Structures are given as structure tokens and as C-alpha cells.
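Undergrad: Each chain, written out:
Number of protein chains: 2
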Amino acid sequence: MKKTAQTDHPILDVIAERWSPRAFDPERVLSEVDVAPLFEAARWSASSNNSQPWRFVYAFRGEPAFEALMAAAVEGNQRWIQRASVLAYSVAKLQAEDGSHLWHNRHDTGMALAHLLLQATAAGYAVHPFGGFDSDKVIAAAGIPDGFEPCTGVAIGYPGDPTLLGERGALRELAERSRRPVAEFAFHGHWPAS
Amino acid sequence: MKKTAQTDHPILDVIAERWSPRAFDPERVLSEVDVAPLFEAARWSASSNNSQPWRFVYAFRGEPAFEALMAAAVEGNQRWIQRASVLAYSVAKLQAEDGSHLWHNRHDTGMALAHLLLQATAAGYAVHPFGGFDSDKVIAAAGIPDGFEPCTGVAIGYPGDPTLLGERGALRELAERSRRPVAEFAFHGHWPAS
Chain A
101 MKKTAQTDHP
111 ILDVIAERWS
121 PRAFDPERVL
131 SEVDVAPLFE
141 AARWSASSNN
151 SQPWRFVYAF
161 RGEPAFEALM
171 AAAVEGNQRW
181 IQRASVLAYS
191 VAKLQAEDGS
201 HLWHNRHDTG
211 MALAHLLLQA
221 TAAGYAVHPF
231 GGFDSDKVIA
241 AAGIPDGFEP
251 CTGVAIGYPG
261 DPTLLGERGA
271 LRELAERSRR
281 PVAEFAFHGH
291 WPAS
Chain B
101 MKKTAQTDHP
111 ILDVIAERWS
121 PRAFDPERVL
131 SEVDVAPLFE
141 AARWSASSNN
151 SQPWRFVYAF
161 RGEPAFEALM
171 AAAVEGNQRW
181 IQRASVLAYS
191 VAKLQAEDGS
201 HLWHNRHDTG
211 MALAHLLLQA
221 TAAGYAVHPF
231 GGFDSDKVIA
241 AAGIPDGFEP
251 CTGVAIGYPG
261 DPTLLGERGA
271 LRELAERSRR
281 PVAEFAFHGH
291 WPAS
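So the sequences go chain by chain: A and B. This note's numbering numbers the first residue of the first sequence as 101 and each following residue consecutively. This note's numbering numbers the first residue of the second sequence as 101 and each following residue consecutively.
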């Protein structure tokens with residue numbers, strides 16, 4: 101299902117077409133070969149001093165690791181993640197050698213994830229990032245070492261039938277996408293007087 | 101100048117072609133019409149609960165605001181930013197109503213910036229994000245209110261002659277791009293034993 105953004109200025113098709121569906125096709129599956137280009141796209145993202153602070157841990161539906169990673173998500177998210185073919189978490193290296201916190205690395209990990217989302221969109225996959233998960237559970241399930249912190253979950257699969265989500269879920273799935281206009285977040289020269 | 105990434109898997113052209121040049125053409129300029137699609141691309145990025153925590157403040161070379169924003173960058177960056185046509189900073193809403201810090205918003209602002217970088221690349225612009233700036237100076241120059249923090253500077257313009265950067269700068273500009281391989285940051289099922 102396409103929900104192309106109604107843009108005020110022309111933008112790249114893949115950016116206009118990326119959105120966050122919850123309806124995944126429970127019959128179709130992705131493989132290592134399918135996800136490799138997604139991580140490759142993340143790989144070529146920009147980062148401060150080329151530090152590449154992003155990591156990903158992922159599993160395919162049917163694997164014990166998928167169940168463990170899914171159990172770290174909040175219950176409301178598990179309901180739709182269960183039909184995704186791949187579940188991944190982005191992870192940022194957040195602790196420097198001297199123990200200080202590298203907050204900027206969340207930002208750079210976000211840039212890498214944005215590449216992954218666009219590459220998945222271009223491949224025709226449904227891809228949905230989510231913040232609703234228990235960080236400690238992800239750390240335990242994936243064996244994430246000290247110095248690294250989970251950033252974002254991301255469910256990937258083939259698009260499915262919105263009615264799988266129930267009546268209310270299907271309505272939400274079909275609702276038009278919305279964003280604040282550019283004038284409300286991009287300021288020429290100076291922040292606007294409030 | 102193109103420095104297309106040598107990828108191990110096929111990815112979107114625009115992702116393979118994005119890089120961070122320092123050589124901008126000092127003669128050619130961008131206008132509001134040129135930058136509008138860049139912010140439009142950022143607009144349609146994903147964010148936690150569609151909170152859209154990103155903001156941007158920008159100025160065109162020749163404007164007093166450009167000088168003020170440029171003076172906030174570290175000296176080494178000013179040397180190449182001075183030839184860019186547009187200087188912007190991404191800004192994240194980091195303080196919630198209850199005063200708590202929304203660290204995740206740096207991540208979402210990074211995703212929006214990634215869209216901007218790709219849209220600029222698609223338009224044929226040179227675009228270079230940088231972290232080397234004095235946050236307090238950006239806040240003062242742009243009048244950024246409490247609750248918001250600058251994330252990343254970004255210089256935008258038309259590609260220029262690398263020799264503008266001097267001999268050492270030109271060598272760096274022409275060097276091949278490098279990244280750690282996917283196997284070193286994307287882990288199937290579980291973090292690797294160290």
C-alpha cells in the first residue's frame with residue numbers, strides 16, 4: 101500500500117514514499133540476501149569524524165532470537181511486529197574510552213537508520229521504526245556490551261493487508277500522513293519571535 | 101566531483117553518491133527556492149510518535165546571519181564553510197514540558213538531517229554536515245530558546261575546485277571513502293563474542 105506524502109515541494113520519490121506501516125504480510129519472508137543492502141545503505145551514512153558509531157542486531161521470524169528481541173518491545177508493538185519477517189534494533193556506541201557519554205552518537209545512528217529505512221522502502225518492503233521497547237531487555241536478549249545502548253527498534257517485511265490490524269488498526273493504517281509545514285521548523289537567519 | 105561509494109551490495113544511487121566535500125564553488129549561489137526541497141525532505145522523516153523534534157536555522161552567504169553562524173564553527177571548519185552558499189544548523193527539541201531530557205530527539209533530528217543530505221545530493225549540491233562548533237555561540241547567534249539544542253552544522257553549495265583547499269586539503273578531498281564492513285556492525289541474532 102502506498103501512502104505517498106503530499107509534499108509542498110518536489111522531493112525524491114523514495115523519501116515521499118517512506119512511511120511506517122504496521123501491516124506486514126505474515127506469509128512472505130526476507131532472507132540475509134534481502135537485508136544485506138539495507139545494512140550496506142546504513143554503512144555509507146555520514147558520522148562525526150567518520151566514527152560510524154552505529155551497530156545493528158537483527159533476527160528473522162521463526163528464530164529464537166526473534167522471539168527474544170520481540171519480547172523486549174512494548175506489548176502494543178508486539179501485536180504488529182509478530183508478522184514482520186525481520187526485527188532489528190539499532191544500537192549506538194555511547195560511552196567513550198574515558199567513560200564520558202557521546203550523546204551525538206545517537207544522532208549519527210539515526211542518520212544511518214534513515215538510510216536503512218529508505219533502502220528498504222526502495223526495495224518495496226514495509227519498514228517501521230519504533231521507540232517503544234525496554235532497553236534493558238534488548239541489552240539482555242542481544243548480549244549488548246557496556247558502552248553501547250539500543251536506540252530504535254525496526255520491523256521489516258513485505259506489506260500486508262491492513263485488515264489484519266483489526267478495524268481501528270486498519271483505520272489508523274489508512275489515515276493520511278501529516279507533518280508540520282516547513283515554515284514552522286526551518287527559520288531563515290534567526291529563531292522567530294515567540 | 102563524484103566519489104561514489106565502492107559498495108559490497110547494490111544500494112540507491114543517491115546514498116552511494118552522498119559524501120562530505122569541503123570544496124564549494126565560491127561563485128555560485130543557492131536561493132530560498134533551492135533549499136525549500138531540502139527542508140521538505142527533512143519534513144517527511146520518521147520520528148517517535150510523529151513528534152518531529154527537529155528545527156533548522158539557516159542563512160545565505162553575504163547575510164550578517166551567515167557570518168554570525170559561521171563564527172560559531174571551529175576555525176578549521178570556517179576555512180571551508182566560508183565558500184558555501186548556505187550554512188544551516190539542525191536543532192533538536194531536547195527538553196520536555198516536565199524538564200526531563202529527550203535524548204532520543206537527537207536521533208530523530210539525525211534522521212531528518214539524513215533526508216536533507218540525500219535531497220541535496222540528488223540536486224547536485226555539495227553538502228557537508230559537521231559537529232565542530234560552539235553550541236553556546238550557535239544558540240546566541242540564532243536566538244535559540246531554552247529547551248532546544250543545536251545538533252549539527254551543515255554547509256551547502258555547489259561543488260568547487262578541490263585545489264581551493266590547498267595541497268593537503270585537496271589530497272584529503274580526493275582520497276577514497278572508507279567504512280567498516282557490514283559484518284563488523286550488523287549482527288545476526290546476538291552480539292559477537294569479543
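Among the clues, some could well be false.
Because identical chains cannot be distinguished in the list, a pair is counted as satisfied if it fits within a single copy or across any two copies.
[Stated by the list, open to error] Result set (SDA-like, lysine to any residue): computed pairs, CA atoms no more than 25 Å apart in a straight line:
(1) Lys237 <-> Ala293
(2) Lys102 <-> Ala240
(3) Lys193 <-> Glu267
(4) Lys193 <-> Ala171
(5) Lys102 <-> Asp246
(6) Lys193 <-> His288
(7) Lys237 <-> His201
(8) Lys237 <-> Phe287
(9) Lys193 <-> Ala105
(10) Lys237 <-> Gln106
(11) Lys102 <-> Glu197
(12) Lys102 <-> Trp291
Derived by calculation from the structure, the hints in this document are not laboratory data. Predicted model only: the values in this text are computed from it and were never measured.
Undergrad: Each of the hints needs a verdict: does it hold here or not?
TA: Status of the hints after comparison with the structure:
1. Lys237 <-> Ala293: Result: close only across copies, 19 Å inter versus 44 Å intra.
2. Lys102 <-> Ala240: neither (36 Å within a copy, 43 Å between copies)
3. Lys193 <-> Glu267: neither (41 Å within a copy, 34 Å between copies)
4. Lys193 <-> Ala171: So Lys193 and Ala171 pass the 25 Å test inside one copy only (23 Å; across, 30 Å).
5. Lys102 <-> Asp246: Result: close neither inside a copy nor across copies, 40 Å intra and 39 Å inter.
6. Lys193 <-> His288: between (34 Å within a copy, 18 Å between copies)
7. Lys237 <-> His201: Answer is both; intra-copy 21 Å and inter-copy 22 Å each pass.
8. Lys237 <-> Phe287: Classified as between; 17 Å across copies, 40 Å inside a copy.
9. Lys193 <-> Ala105: between (33 Å within a copy, 24 Å between copies)
10. Lys237 <-> Gln106: For Lys237 and Gln106, neither the intra-copy (38 Å) nor the inter-copy (36 Å) Cα distance is at most 25 Å.
11. Lys102 <-> Glu197: neither (45 Å within a copy, 35 Å between copies)
12. Lys102 <-> Trp291: neither (35 Å within a copy, 35 Å between copies)
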